[in-house]
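Chemist: The primary structure of each chain is shown beneath.
Protein chains: 2
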Amino acid sequence: MSASTLPQGQQLAVRWYPPAYDIRVEHVAIPKIEHPDDVIVKIKLAGLCGSDLHVYRGHEDVDEPLICGHEFVGEVIELGESFHPGATDRPSLYSTLKIGDKVVAPFTISCGECHFCRIGFTCRCIHSLLFGIPILPGGQAQYVRVPKAGGTLFPIQGPMTQISDTSLILLGDILPTGIFAALQALQHPKLQPTATSVSYPFSGWTPIASPVTTSLQPQDREITLAVVGLGPVGICATVSLLDMLSRAAYSFKVVAIDPNESRRSKMQAVYSAIDEKDRGNGTFAVASIEESKKLVADWTEGIGCNAVLEIVGNNSALTLAYDLVRPFGLISSVGVHQAPPLPFTGRDCYNKNVSFDFGRCPVRALFPIALDLLFRRQDVFGGVGEEKSLVDRIVGFDKAKEMYEVFDKGGCGKVLFDPWM
Amino acid sequence: MSASTLPQGQQLAVRWYPPAYDIRVEHVAIPKIEHPDDVIVKIKLAGLCGSDLHVYRGHEDVDEPLICGHEFVGEVIELGESFHPGATDRPSLYSTLKIGDKVVAPFTISCGECHFCRIGFTCRCIHSLLFGIPILPGGQAQYVRVPKAGGTLFPIQGPMTQISDTSLILLGDILPTGIFAALQALQHPKLQPTATSVSYPFSGWTPIASPVTTSLQPQDREITLAVVGLGPVGICATVSLLDMLSRAAYSFKVVAIDPNESRRSKMQAVYSAIDEKDRGNGTFAVASIEESKKLVADWTEGIGCNAVLEIVGNNSALTLAYDLVRPFGLISSVGVHQAPPLPFTGRDCYNKNVSFDFGRCPVRALFPIALDLLFRRQDVFGGVGEEKSLVDRIVGFDKAKEMYEVFDKGGCGKVLFDPWM
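Protein sequence lines correspond, in order, to chains D and L. First residue of the first sequence? That's 1 in the UniProt record's numbering, and the numbers climb one at a time after it. First residue of the second sequence? That's 1 in the UniProt record's numbering, and the numbers climb one at a time after it.
Nothing false has been slipped in among the hints.
The list cannot tell twin chains apart, which means a pair is met if one copy fits it or any two copies do.
With a Cα cut of at most 20 Å, we get these calculated SDA-like pairs of lysine to any residue:
1) Lys399 with Trp420
2) Lys352 with Ala339
3) Lys352 with Asn315
4) Lys352 with Val336
5) Lys352 with Pro340
6) Lys352 with Leu129
7) Lys352 with His127
8) Lys42 with Ile394
9) Lys102 with Gln157
10) Lys44 with Thr5
11) Lys352 with Leu130
12) Lys98 with Ile77
13) Lys352 with Ser128
14) Lys352 with His115
15) Lys352 with Glu60
16) Lys409 with Ser262
17) Lys42 with Lys102
The set of hints was computed from the structure by calculation and includes no laboratory data.
Isolated chain D (complex conformation) (with noise of 0.2 Å):
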């Protein structure tokens, strides 16, 4: 069935059923606006995410038919009242998004207005919906209805338009999501003394006496990093947090580990694209989980990590976070963990002075340093199917049973759906 032959009103889209492995594509109605601060997008492009696999498998405890997706690209085609003219007292976005812009949206949506939007972590909104569950359809359709889109829908212009739409896809979920880790680990007071040779508790309080610590060495200054977990996610992480150490001149190692060889394998092609001039001032070496292990003893003199970004969201890659972390050193864990408790007792985080960082990327907040990295990027996040690739191939809807076959099963990497193809 293409998209030519269908009724008037109706459209493509690929549905999962309850209980699980059960994907349809089947021509629903085209969505409508139900609320003033509704849009529809006309999807471009939608991609296929591991954490689709979690509803294709039955585990998220879903008894009801979805459509699925939460990684688009795409065209406004119909605005809600709230962005019509004269709407003026709703943040910049309700006034200013227009029919025909060129859109991505985060995984969650966010109205732009409540207080966890208005500080910017904006994946806690107050009315924070998933795309891909049985009341928010999903991307995997030519069209979906966008809920507090002035809030949710960042608008792809200027510059920016000489961005691929398949690196564009990227933004929905997984490049923010590396990006936050990564920012947390950098960000984090703990690093604040090897990043700016201020040792703690660093200024801003007006003792009356001085502090007396000598002077750091050039050695406090390097900064000690791993990346565990080497999946679409990791290698973001592990590009971005690249970017940011060698932008800020920091003088950094960084080990990037997966047990997996042909996760090792793309990491290690996505840092050959990397041009020389852009990889900083550091060394970086991609490694198994006991390579890593003996590799971050020999550069810290047995000390340990400053940070480990944990992307895998289990209680192996938590361990072993724990394990190359320093005294006063950060995990920072964007990995979405499950049910069993956390593999540490309270002696082993006391005795270890760590610092943990968990949770959901508030992606929304993090497109403007997405874009600005993808932007200069593209010679590693720009082409599909080569060895470096992200997306492995972009395929038609009559592809999509089929390719959640193989993608639930390892056999491809990134795939990518072209509703109109």
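Since the structure of chain D is provided, determine the placement of chain L on it from the hints.
Modeler: Just chain L now, kept in the frame of chain D:
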């Protein structure tokens, strides 16, 4: 037995004997310089701290006698060779510490020269040792040997000499630990939008697109904080926190929480001793656990605290902290945790975007801030035996056995020993 009747070269000291509850005041050899970096300090006052009870009760797995105590104020009476004229290639204190200096020390030694000391994380000095263990006799004696004294000791000079000895004793552990708990919260990036009006991801990165979230509202800048546990450290944490909030002119709400009514009364008395002009632009309340949950919900429309200071060191306190903290909030945990696993699943941490800072206070690095606070807050910290006082009484070593017994049963507040009384 009094000091004047001791044989030459002997001193009085409070010694603990295994397996538990066995305190004896004995005469032992006056310590000698054993290493060029050592200094001998004549003790003026020594503190009895809650953590001395871990040893007292036999919980620390020690099987030989030891001299107790890790809080003391004293005077330098003998210097190792490193402090003699000409030893100039060492941190400044190795050349400036003099016979006759009045000094305080953190509860662990720190060399001032290793990576951790240089960057200010002094409690993880590679030479770190706790006073009051078999190989490092403690401060409940007439004299104590201080290793790595150029990094460890801090001379009390200039206006600081106006600070009472009974409050200087708080520098050894509890006041810096309280300050540490508060600083970790106020310095954490997740509190920055509230503190600075700059939304996440803050500045310092140069995206090609500008952020599009709306401006912050006044209510976004109000900081809501909780302190869990009102023992002496919790009271110090609360006083420090209120002082920092007030001096930084933040708009704040703070609740200080303890299930124990007498601890709440002490906290209230301490707060009442703070001059009204120094209380800042905020609201302060002392509450039981149940009261605190209701209060925080009312104050924040159910969102929760920006940060919770956990000063207890058990899983009930951590669980309460989790319940009180908002999404993208911080738990600053300085409680000394033991063997139980943390009471959180990975999903708990992911779903709330919670951050944790665990661990021991770098006391030595915080002396300047602590001295500044002690100096300005003598109204709170200056007295002994008053309703508001953290120090309950000063006794001679003849009362040591009895005081350990009474303190162990919660029958008195903080006790100081005057070894010459």
